[in-house]
Amino acid sequence: MLIFRSSRHVSTIRHLFPPTCPLLKQSFSPSKTSTPQSNLPHLLLSLYLSRNHRSQKMATATTTAASFSTAVRRLCVSTSTSIRLRHVTTSARPPTRLISTPTPHRLLPLLRFSATASPSSTTVSTISVGDKLPDATLSYFGSDGELKTITIADLTKGKKTVLFAVPGAFTPTCSQKHLPGFVEKAKELKAKGVDVIACVSVNDAFVMKAWKEDLKVGDEVLLVSDGNGVFTKALGVELDLTDKPVGLGVRSRRYSLLVEDGVVKVLNLEEGGSFTNSGAEDMLKAL
Amino acid sequence: MASALVRGARRFPPAMWGRGFAKVASGDDIVAAAPDVALQKARSWDEGVSSNFSTTPLKDLFQGKKVVIFGLPGAYTGVCSAQHVPSYQKNIDKFKAKGVNSVICVAVNDPYSMNAWAEKLQAKDAIEFYGDFDGKFHKSLELDIDLSAALLGPRSHRWSAYVEDGKIKALNVEKAPSEFNVSGAEVILDQI
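Protein sequences, first through last, are from chains A and B.
Per UniProt numbering, numbering through the first sequence is continuous, rising by one, with the last residue being 287.
Per UniProt numbering, numbering through the second sequence is continuous, rising by one, with the last residue being 192.
Rather than coming from a laboratory, the hints here were simulated on the basis of the structure.
Quick caveat: nothing in here was measured; it's all calculated off a predicted structure.
For glycine and all other residues, C-beta sits at the position ideal for the given N, C-alpha and C.
There may be inaccurate statements among the hints.
Label pairs and their computed distance ranges (CB to CB) [unchecked claim]:
1. L284(A) <-> D46(B): 28 to 34 angstroms
2. S51(B) <-> D219(A): 36 to 42 angstroms
3. G218(A) <-> K90(B): 33 to 39 angstroms
Work the whole structure out from these sequences, hints included.
Quick look at the structure:
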């Protein structure tokens, strides 16, 4: 069972790996100039997907711990490093190789398994590479100070667009690292053929405008508001912080994605608000 | 509570006082109307971390104090920034002269946006800003309004109230959030 959809489940997989495991920091972004080895995770992923066809709808997939462990073992290609997976019973038999190339076990964090049966999920399946972006209306303030709306189609049709999301305006990582990073690298990104760079957040357009002025962002990056969270929900990347005392409510997970003519080519999706692979440099590398 | 609504309607006929009705009316206890609600003081993220993101329960704000509190749809928006908050900023000395302990501004925003807005308006020393980020405070007072059509999401009406030791002495609610007739500082100064 593949849990791509529910962000709730994604955040629970961290316990499956030892805390110092560098895999936790691995980013999932197939790059053009990568070696065959690093393309392998993507390959295996698509193979696994074709075997277990992931439906777009809210399907309830349940599995037993046994079939989960079999699935993991099948895809686990290296025994040189022992990866402790809490819910998997290790057997004496060496794992069967799906593809006979010596690969690091990079694919594991990319396949977001959960050993527990998923409750009947009513969330939309999370966006992934190759999907067409759902359309939605976002709002922003034009340079003339007028409140305007813009659709995802406007931002992405026939264009190369970099879209990145932050959990909240005026919060530290977003203000100090994520957004400024993209502002700095905007020229380089545009030189690589990107037409539009846009930052989305579940804040209203007024706050986005004030934040833009506060950080003195020019026209390099468009700050758009997903005020009602509709676009975020459609992508399946909500971050529910209502029960946390930080006072943010339902926001968006941090991510950056490259969209070509409405189809997602590169996706760097963080868990929650952490900032590991969704920065501008990683997007530049992926281009 | 139907009785509260009826009470409110009798006391504040819409023609005279604008929208007039809320769940609470003059004489009600604001803390009792919103029992488990806490507000978040507007602060920067670092201040939030150092204070463990503590929330302020309503009784800390109201008990034993004379408070003028006003709510508005959203930080950084037109009327809120240009008229509503400035009217209270200008009259802060008059409020203090009448024995008001604190003037509080609350909106359905997260505390960080509220903080940045308060700093931009340079109103932090005069007015205390609180964020009702999940809208619970306004919902329990039935002062919430859905402004999704304006792409703002669930927000609050524009309103003002004078609360003495938790008891509402005066409550003014605008007919529409974009109006600014009864919820300004001058109106409530007369009511104290």
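Index of numbered hints that the structure contradicts, given in increasing order: Result: no hint breaks.
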